[in-house]
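Q: Residue numbers (our numbering), protein chains in the order written: chain A, 40 to 359; chain B, 5 to 500; chain C, 5 to 121.
For the record, the hints were derived by calculation from the structure and aren't laboratory data. Owing to the predicted nature of the structure, the values given are computational and were not obtained by experimental measurement. Worth double-checking, as some hints may not be accurate.
Simulated restraints, written as ranges between beta carbons of each label pair [stated by the list, open to error]: (1) A:ALA129 - B:LYS417: 31 to 41 Å; (2) C:ASP112 - A:PHE48: 21 to 31 Å; (3) A:LYS233 - C:ASP112: 45 to 55 Å; (4) C:TRP14 - B:VAL211: 21 to 31 Å; (5) B:VAL54 - A:GLY302: 18 to 28 Å; (6) B:THR292 - A:ALA129: 14 to 24 Å; (7) B:ARG33 - C:GLY68: 51 to 61 Å; (8) A:ALA49 - B:LYS417: 51 to 61 Å; (9) B:GLU114 - A:VAL125: 44 to 54 Å; (10) B:PRO235 - A:ALA44: 24 to 34 Å.
Rough simulated footprint, nothing fancy, chain C against chain B, three-plus residues with beta-carbon under 8 Å [as the list claims (entries may be wrong)]: (11) 163-175; (12) 183-194.
Derived contacts from chain C toward chain A, CB cut-off under 8 Å, selection only [claimed, not checked]: (13) TYR13; (14) TRP14; (15) THR22; (16) PHE24; (17) ILE28; (18) LEU65; (19) SER73; (20) THR92; (21) ALA93.
For every residue, glycine included, the Cβ atom is placed at its ideal position computed from N, Cα and C.
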Amino acid sequence: MGFMAVIGFAVARLRNLFAVVMLTGIFSLTAAVLYVLLDAVDVAFTEAAVGAGISTVLMLGTLALTSSEERVESTGGSRWALVLVVVTGAILVYGTFDMPAFGDPTAAIHHHVAPYYLEKSGQEIGLPNVVTSVLASYRGYDTLGEVFVIFTAAIGVLLIIGRPQFGRRRSHRMLVGELHESMRTNVILRVVSKLLIPVILLFALYVQWHGDFGPGGGFQAGVIFASGFILYALIFDIDTARTMIPARVTRIFLCLGVLLYTGVGIAGFFMGGNFLNYSVLAATPVSGQHLGILLVEFGVGLTVAAAMISIFFTFARQEH
Amino acid sequence: MAALFSSHLPALQVVLALLAAPLCVMLRRPNAAWFIATAVTWALLAIAVVLLGRVLDIGTITYALGNWPAPWGIEYRIDLANAFVLVLVTLIGSVVIPYARASIAAEVEEPRIYLFYCMYLLNLAGLLGIAITGDVFNLFVFLEISSLSSYVMISLSRDRRALVAAYRYLIMGTIGATFYIIGVGMMYQVTGTLNMVNLATLIPDLVDNRTVMVALAFLSVGLCLKLALFPLHMWLPNAYTYAPSAVSAFLAATGTKVAVYALARILFTVFGGSSLIDDFGLQEILVTFAVLAMIGGSAVAVYESNVKRLLAYSSVAQIGYMILGLSMASVIGMTAGLVHLFNHALMKGGLFMVMGCVFFRLSSVQVEDMDGLAKRMPLTMAAFVAGGFGLIGMPLTAGFISKWYLIQAALEKGWWAAVAAILISSLLAVIYVWRVVEAAYFKPPPKGAAEVGEAPLSMLVPMWVMIGMSYYFGIDATLTLDIATGAAETLLGGVQ
Amino acid sequence: MEFLGLINYWIVIVLMMTGFYIVIAHDNLVKKIVGLNIFQVSVFVFYITMAKVEGGTAPILAEGITTYSNPLPHVLILTAIVVGVATTALGLALVVRIRDAYGTIEDDELENQEGES
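Same shape as in the complex, but just chain A (with noise of 0.2 Å):
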């Protein structure tokens, strides 16, 4: 954690964008490992994709299209940011004294809710990976929110720069493709991506459905997947790559992920459940988390994997 901290200090420091930004993706990837450490395997999991993988790429994607030195600043108006600041931080470390000390097992928090995950989800729903029982199941309709979340960004990225007539579009193709001419050029990278990138589909569709017995799930193969298109569009060609997906494709997908969700939630209307109540969707009330489980979290992968790739290429080409 130290080192995050220094990390984070850099990065206040630092002026060169591009600098700033790697080291953002940095900062995520130690926070996965310490998540690692922490016992929170899943969640290393998504902010290794998400945090260091898809916020990095998007934040390069912007300076890009941007300028990618900070221009010195005068430290006046820092001062009462600095009050702030620490103000701000003693009032949290003042927080924690009546905190449980680290790793405390008697602490509040782990006797109220969360045993009984621990306890009874291996009978009523019968998966192995509490983490994913919790999410999709017993806290289905937070995850339902998370997946409009992301599906509302897609829509609002395309919104806000999808139109073919921002002014420097055509200067920022030159520069995608320059980058373009230097790896294309690049024999290693494009025979280890062409091998790669199958891999990484596969892998996306093994952590979709493993996701029941090990960290993983629909919104880690989701980003999964679409990194592999990103991949591909990164070293190749950007058009190409587009084509194989086009923009029509992309959005249905993002439409029937979070459509099946909510569907598989008004589906246990008809047979007398509540909104998201998987137990009744089969014969018995396992089998149904077990159908119910896997149908939202194959939607989750849908609009994920959708969302990401249309957010990517909207950056890339500023289109429809």
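Dock chains B and C against chain A, hints included.
A: Okay, now just chains B and C, sitting in the frame of chain A:
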């Protein structure tokens, strides 16, 4: 079939809006998207009214999502306070969306319009989700849905300043949401639950816990950022000014109101059973900022020549009124605050719709450009006068009712400074309303002014419906007052 | 006062405040988003830190293991991470448009330009 869905209305209240959003995206046509948005909003209004009726009949309704009982699952909990908010939000939406058809068509580029309605539906879903939930983390998720869609909608205006306004709102809003999440995390750490009712029963045993105190602070600051309480209001003026007119109307009437409700819910339902609110001096802090907001907001509005920005600062002041009522923690005070929430939504929504009509014809909202407008756009400017009276608090308007109750509540508590602030800000309101009225009615049109006619009927009718409602509820306020009083009692009564 | 038990939290707070500082003190729009990211990631680390149980393992049910770390914060943070990246994507999209419209992504230059509009 109807009976089947009838037991699931709480879920449908939000899910219907969520479902409609991707449908708009798939259809790709602006008119179809508008149609879906209108139909769904009206259906949601019907649902909200039915739910309100049920709550009035039988009391608090709960609905367990996934049939997992709380606190292991997420539950929806509808009592008078949030049933009230649900009706308000859907009502505003139902009136603004028909209006939006012409307004948005004029202000947003055509190929994007169908996506605009998708965003609107997501925003609506987010707001309704915040109001209806009984789980603090679920509130965060829907808070972000509504916030993200707001940022996007604001940025859609052709004016490039909207982009910067949206960006600043994004930064401040995300800081607020992060503070909220810090608060939730701390609360979870010491209680082990995320369910509001559950938290309420566990907190009284933890009053001395410093983590809880800090959590309360962060939750409050986070929500105060979202409801734009002075001095955390900085994102609001630009966001409301540069957003497309229909967006300003909708957001001004709903966004901050739902945040006020959320604050009330956290302070009174979750933390209410304990003495924390009093110990902490939270009351004093809120009142101070509320009074500053009331006077400061109104004062700045006086100097504004961009009428939308004038109305935005007026909103900052009006939010001060709501928080003043809330912080009194008395039944009359809360009632006043809640009634004002409703009334202000109607008035401000209507006024922003007026400016939308003005912009539609003039492409400007500067007061100088509005000279002599009353002759050319009589119905529109009459609406402004009517709404303006409401802001001032003239009798017969809804604004009068809320101010009357607020003053009564403040007198009951002996808060003279607050009474003075209410009166001063009302006087200031007279000044800033007069500025616009004077220009429109008493100044000659500028030379070479365009020959403009009235705004189209599709915009005039909803606008007058909104203003009309603010008068209806001003003349006969029994319905709103009864519900608000009931809501106040529910909130202050803690958890039964 | 068990300082050692709390040190972890304090370091996280330092991280949070670094991120927070970057957001409010720096003018460059992209850097602000970077700061926001750091702030958010630090909050996530805070949640996950509180989930850890001494001697526990990842919350995947398996034969022979009795102590698990708390799964609920993991679930919450998974959601929060996604919300965070959604916000970042939208923020960056706005930055791109702002650069197109104004020619700069420094906040104070933007303010100067706005004054004239």
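Q: Each of the hints needs a verdict: does it hold here or not?
A: Verification of the supplied hints:
1. A:ALA129 - B:LYS417: 31 to 41 Å: 33 Å, holds
2. C:ASP112 - A:PHE48: 21 to 31 Å: 23 Å Cβ-Cβ, so the 21 to 31 Å window holds.
3. A:LYS233 - C:ASP112: 45 to 55 Å: 47 Å, holds
4. C:TRP14 - B:VAL211: 21 to 31 Å: The hint (21 to 31 Å, Cβ to Cβ) holds, given that TRP14 (chain C) and VAL211 (chain B) are roughly 24 Å apart.
5. B:VAL54 - A:GLY302: 18 to 28 Å: 24 Å Cβ-Cβ, so the 18 to 28 Å window holds.
6. B:THR292 - A:ALA129: 14 to 24 Å: Roughly 22 Å apart at Cβ, these two residues keep to the hinted range, so it holds.
7. B:ARG33 - C:GLY68: 51 to 61 Å: 59 Å, holds
8. A:ALA49 - B:LYS417: 51 to 61 Å: The hinted range 51 to 61 Å holds for ALA49 (chain A) and LYS417 (chain B), with Cβ atoms some 53 Å apart.
9. B:GLU114 - A:VAL125: 44 to 54 Å: Holds, at about 50 Å.
10. B:PRO235 - A:ALA44: 24 to 34 Å: 30 Å, holds
11. 163-175: Since 8 is at least three, the answer is holds.
12. 183-194: Contact hint for the region 183-194 of chain B vs chain C: holds, 5 residues under 8 Å.
13. TYR13: 5 Å, holds
14. TRP14: Because about 6 Å separates TRP14 (chain C) from the closest Cβ in chain A, which is inside the 8 Å limit, the hint holds.
15. THR22: 4 Å, holds
16. PHE24: This interface hint holds because 5 Å falls under the 8 Å limit.
17. ILE28: Result: holds, 5 Å to nearest chain A Cβ.
18. LEU65: Since the shortest Cβ distance to chain A is 5 Å, the answer is holds.
19. SER73: Constraint on SER73 (chain C) satisfied, holds at 4 Å.
20. THR92: 5 Å, holds
21. ALA93: ALA93 (chain C) check passes; min Cβ-Cβ to chain A is 5 Å, inside 8 Å.
Violated hints are absent here; each numbered hint is respected by the structure.
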